[in-house]
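Protein chains: 2
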Amino acid sequence: MADLRLLLLSNSTNAGEPYLGYSIGEIGRFLGSDDLAPLFIPYAAEMVSYDDYEAIAAGPFASVGQTLTSVHHAADPVVAVAAARAIVIGGGNSFRLLRQLQQQRILGPIGDVVRRGAPYVGWSAGSNVACPTIRTTNDMPIVEPAGFAALAFVPIQINPHYVSNVIPGHAGETRDGRIAEFLHANPDQVVIGLREGTMLRVEGARATIVGARPARVFRHDSAPVEIEPGSDLYQIVRSAPRG
Amino acid sequence: MADLRLLLLSNSTNAGEPYLGYSIGEIGRFLGSDDLAPLFIPYAAEMVSYDDYEAIAAGPFASVGQTLTSVHHAADPVVAVAAARAIVIGGGNSFRLLRQLQQQRILGPIGDVVRRGAPYVGWSAGSNVACPTIRTTNDMPIVEPAGFAALAFVPIQINPHYVSNVIPGHAGETRDGRIAEFLHANPDQVVIGLREGTMLRVEGARATIVGARPARVFRHDSAPVEIEPGSDLYQIVRSAPRG
Chain A
1 MADLRLLLLS
11 NSTNAGEPYL
21 GYSIGEIGRF
31 LGSDDLAPLF
41 IPYAAEMVSY
51 DDYEAIAAGP
61 FASVGQTLTS
71 VHHAADPVVA
81 VAAARAIVIG
91 GGNSFRLLRQ
101 LQQQRILGPI
111 GDVVRRGAPY
121 VGWSAGSNVA
131 CPTIRTTNDM
141 PIVEPAGFAA
151 LAFVPIQINP
161 HYVSNVIPGH
171 AGETRDGRIA
181 EFLHANPDQV
191 VIGLREGTML
201 RVEGARATIV
211 GARPARVFRH
221 DSAPVEIEPG
231 SDLYQIVRSA
241 PRG
Chain B
244 MADLRLLLLS
254 NSTNAGEPYL
264 GYSIGEIGRF
274 LGSDDLAPLF
284 IPYAAEMVSY
294 DDYEAIAAGP
304 FASVGQTLTS
314 VHHAADPVVA
324 VAAARAIVIG
334 GGNSFRLLRQ
344 LQQQRILGPI
354 GDVVRRGAPY
364 VGWSAGSNVA
374 CPTIRTTNDM
384 PIVEPAGFAA
394 LAFVPIQINP
404 HYVSNVIPGH
414 AGETRDGRIA
424 EFLHANPDQV
434 VIGLREGTML
444 RVEGARATIV
454 GARPARVFRH
464 DSAPVEIEPG
474 SDLYQIVRSA
484 PRG
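Chains A and B supply the protein sequences, listed in that same order.
Using my numbering, read the first sequence as starting at 1 and increasing by one per residue.
Using my numbering, read the second sequence as starting at 244 and increasing by one per residue.
I should point out that these hints are in silico values taken from the structure, not numbers from a laboratory.
Since we're looking at a predicted model, the values are computed, not measured.
Cβ atoms here follow ideal geometry from the backbone N, Cα and C, with glycine treated the same way.
A hint or two may mislead.
Said to hold, decoys possible - Here chain B is said to cover these stretches of chain A; the calculated rule only asks that three of the stretch's residues, wherever they fall, bring their Cβ under 8 Å from a Cβ of chain B: (1) 105–119; (2) 175–184; (3) 199–206.
Unchecked claim - Calculated Cβ distances over 12 Å to all of chain A for the following chain B residues: (4) 377; (5) 412; (6) 480.
Unchecked claim - Here are a few chain A residues that sit away from chain B, every Cβ distance over 10 Å (derived from the structure): (7) 2; (8) 46; (9) 47; (10) 50; (11) 55; (12) 93; (13) 140.
Full structure from sequences and hints, please.
What follows is the structure, encoded as structure tokens:
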């Protein structure tokens, strides 16, 4: 097994910026100067067509010398995944994405090529499915997947679009409340709240926060901890006392 | 089959009010002057014990002459449900609630007693499970139920805690965006956004919004419609043009 290489983004795009605006520079550095012709997985998209989603994502990738092609053009998605030199999974709805990955039978093949060293880029739902399960998604369960287990590239659960603000006067639970519920039900898990505009870059045993804001790490019965950009998340998670 | 009698609340409690404060008067009128000794289903609770949840809910019910007893005291939950003269399902996490209903094998028995005429009161997750599925919940999928199908007492999907406000500067999708995604994936469905402080009272073929604010009805490829309190939701849904 080669070293895992992952770039997991909280979100594609910050409010008011062009698509992948904050992240495409880092994506370019992560993928390197050779065009790896990354295979794009558009299955999270519910409200746009796969053709349109491919066109939206391909522009920024072209600007860093990477030719994105969507798997939905492939006669056999399993063959396309097995031949891919890089995998890119876009955001949308995590339940829809996972169900499509299951139905197209490419969860296992994506796991194989990434574990053999193909770099993986995901944003939002594409970061959720890099985790052991999609149980820390923010999405509505608009369709029913055959189980919540996902790619398990990282041993932690990412909460993308992490935000601690609340809507004033609203009694529905907050994001922190949802994460606390998850950890109460799953006390052995670690959740990392990835704020918008930030990402987690994994290279082998090292996992680094990239971006202008810290990430927030949540564990059961412990106070949350802020992890500054550049810090090694895995080391901090491993060394932190359990509460 | 008797007429269905349901009181489905958006939320237990408005911000800053006592538990069930806005709703207990309506609950009392709905259940009537006889003490039906309603059976309380506390399974949505993740962060409080069943004993504590029962105590929290029992107070307001006692104030309207109803003696609430939680199913978790019963030696056999199936027997307790079959003997119940009223069912009350409290809020919490919808995925946890549905999984517990499945594991305790009381989904079918609750359906039976309510379809024979026992009144049903639910709030938040307890309103989600009264729908055909829990696919319009706002909750995080902290645990994995064996499928999303629920009690199907109503032919519509409720979105509880419905709110159209957004957090400024946040790029994550809005509530309206989530509901639009659901309807795009499930174009034959109708979603009713129940704002906090409002409820849906169903008596046979009549479904009325109760509370100080309208409900918002969403259908695929139609503009949302506001339904004023007192209006018959079913009649409006049936008569509205599609598309």
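Hint by hint, where does the structure go against what was stated? Just the numbers, ascending.
1, 3, 4, 5, 8, 9, 12, 13
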